[in-house]
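Undergrad: Chain E: place on chain C using the hints.
Sequences listed follow chains C and E, in order. Take 1 as the starting number for the first sequence in my numbering and just add one per residue. Take 343 as the starting number for the second sequence in my numbering and just add one per residue.
None of these hints come from the bench; they were simulated from the model. Note that this is a predicted model, so its numbers are computed, not measured. Take every hint as true, because none was put in to throw you off.
For each label pair, taking beta carbons as the anchor points, the in silico distance ranges come out as:
| no. | chain 1 | residue 1 | chain 2 | residue 2 | range |
| --- | --- | --- | --- | --- | --- |
| 1 | E | G363 | C | S142 | 38 to 46 angstroms |
| 2 | C | V152 | E | R517 | 29 to 37 angstroms |
| 3 | E | G519 | C | R96 | 50 to 58 angstroms |
| 4 | C | P137 | E | V567 | 20 to 28 angstroms |
So these bits of chain C aren't anywhere near chain E, every CB distance computed over 12 angstroms:
| no. | residue |
| --- | --- |
| 5 | D80 |
| 6 | T82 |
| 7 | T85 |
| 8 | A97 |
| 9 | T119 |
| 10 | D165 |
| 11 | R181 |
| 12 | L188 |
| 13 | R190 |
| 14 | R242 |
| 15 | H296 |
Glycine included, C-beta positions come from ideal geometry on N, C-alpha and C.
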Amino acid sequence: MTTEGEECPAPNVSALLTCRSDDVPRIAETLLSLAAQSVRAFDVQIVVVGGSDPDVGGVAELVGSFEEGFSRRVQVTAVDPTASTTPFALGVGRSRAPYVASLYPDDVLFAHWAETLATHLPAAGGRAISSLVAVEPAEETSWDGGRIVTTVERPRVSEGFDLVDFLVSPPGQPRGLALPRSAVQRVLGRGLPPATEAWAVHLAVAIGCGVLATGEVTHLSRPLPLGSGRLTDQGEWERDCRAAFEVLDRCGLTLGPGVLGSLAGSAQRTSVPRLEEELDLVRVELRRSEEVGRAHAEAEAAAQRRVVRLLSSTSWRASAPLRLLGDVARRLGLKSEGSPDP
Amino acid sequence: MAEEGPSAPALAVQVVLYRHGAASVATLLDSVDRSVAHAQDRHAIGQTTVLIGDCSPEPALNPEDAAAALGDRLHGRSRSRFSYRHFQSNRGSAGGNNDLFALSVSDLVLIINPDCYASPNLVFELCRALDDAHAGIVEARQVPLEHPKEFDRRTGETSWASGACMLIRRAVVERIGGFDEESFFMYCDDVDFSWRARLGGYRVVYRPTACVFHDKRLDPHGQVVAGEAEVYYSAEASLMMAWKWSQPERAERLRHVLWESGSEPHRRAVEAFEGRRASDRLPPPLDPEGRVSQFIGANYAAHRFGYDD
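Chain C on its own, in the form it takes in the complex:
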């Protein structure tokens, strides 16, 4: 009998799980929910921040306690907090999947997260893919020398992804979005402030590529009263946002110049009616930009499909010896008759 469990399909998406070295107990249920996915076309990149070898060993040991069908698709990497590469960028760099999605300790996924992505990916056309996130308040208590998380209220499902809400959101962690990795890589490495890097990348990709909404609730976030998220303070966040906007304004996001920068600090001014007018104008601009971005993304996806078709076509394979001869000739400095000068 053959079963899907024995196959190791190419990953559609990499789950990027960033945690601290002392987060090992907190990621156990995140990993459990990944191991229990209904389809296994994904891999997991865990980046342990500030981890020493024993700490990483703790994460690796946890991963290794799962069955091999799952554990062999998980990669654990440590990063020094002072390193020039951020955990997010490191995780993206290690991914080989066409999409990447961020997870955080204490997040859990419903069993159809990977399946939902696989279903919508063919129609995504290079867009980001958003799913709904349920938020379930929880409390942390000790139990028999260990730690348990107990949910205390029913989960509330958030509204679907809204670019402007995301833009003016207080310091937060982007959940529920899977981003095309190629688009992420175009934004990374442009000097985004580390604290806002993941948020700014999600924003830029959503603007630049457009977003496809699945309408499925695939994530559960369980914020704890204390200690979860480890967000930067508001002032620091806004300073970093302004710096991020300056970088994004140089990224050619097809927004008018300074549009993002004009919103810096807007979270503090939400009570001002004028802000609503500003946001309405930005919404129009973002929608237009998103349409342009979507067209770009679709064109790029179509071009990639054409390349794949070409590379797998009979004529391309049949002409391989000729191309090889051409390569050899170029290396030898020979010119075929009639070929133009460089």
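TA: Frame of chain C, contents of chain E only:
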């Protein structure tokens, strides 16, 4: 695998299938194998047998291939024995598990749903709760949607244990006689089983460190997704619970509410209940003093919150 201690209790793992695919069963068994091996390494359990009972109209697994392929999976780490049986009829979760009870003589029985996935330390953590000699049934904590029943924060005692994943002492089954398959086809069989165990002097405990993933999903309004069969059998079970646990007035109120809802599955459930009453097939009521039974709103325990609040 480490050497098993001479007194390590034998375990039977019971899974009742209904139209579940080979791939999902294989994934479940991989997780069970790991979890059993983890517990064996710590001498919490000894020899283990995995029993799969299939209620599907046609065999969900090819019996010969299943024995070979799935059995091999279990042989890898935990050296569990494996048995697959197609029941030829839909016995429901209660009847299916009763049939499987009869196939082994293990000291402990782990019942786990086919849409579950065992965490690596599930079996070990469930076993630890049996250090309490009075604990007869141990319930796992479900992820991602935790069952919101209240529990004693010190002892773990709770009103009833969910049959999605529970560890049972064989002695409990022998004492109370398994699930009441005549009254409960697939919902509330676990509540009834738990309450009868408590009437028999056992404790039902929740073990929050024993995690199991149970594939429950939310709709965009935050409601737990339920199919038509779940709606029907839940309604029928709620009527039977009220009757069997000496709440005749509640049964009457429920009968009225379900009928007036206009929902087709609800009305069929009421008709089925009336049919039993007319043919004298309702069970004799238990626990008239309410020593163990708890009817709180629509629930059988105090809840921290409700998914449909």
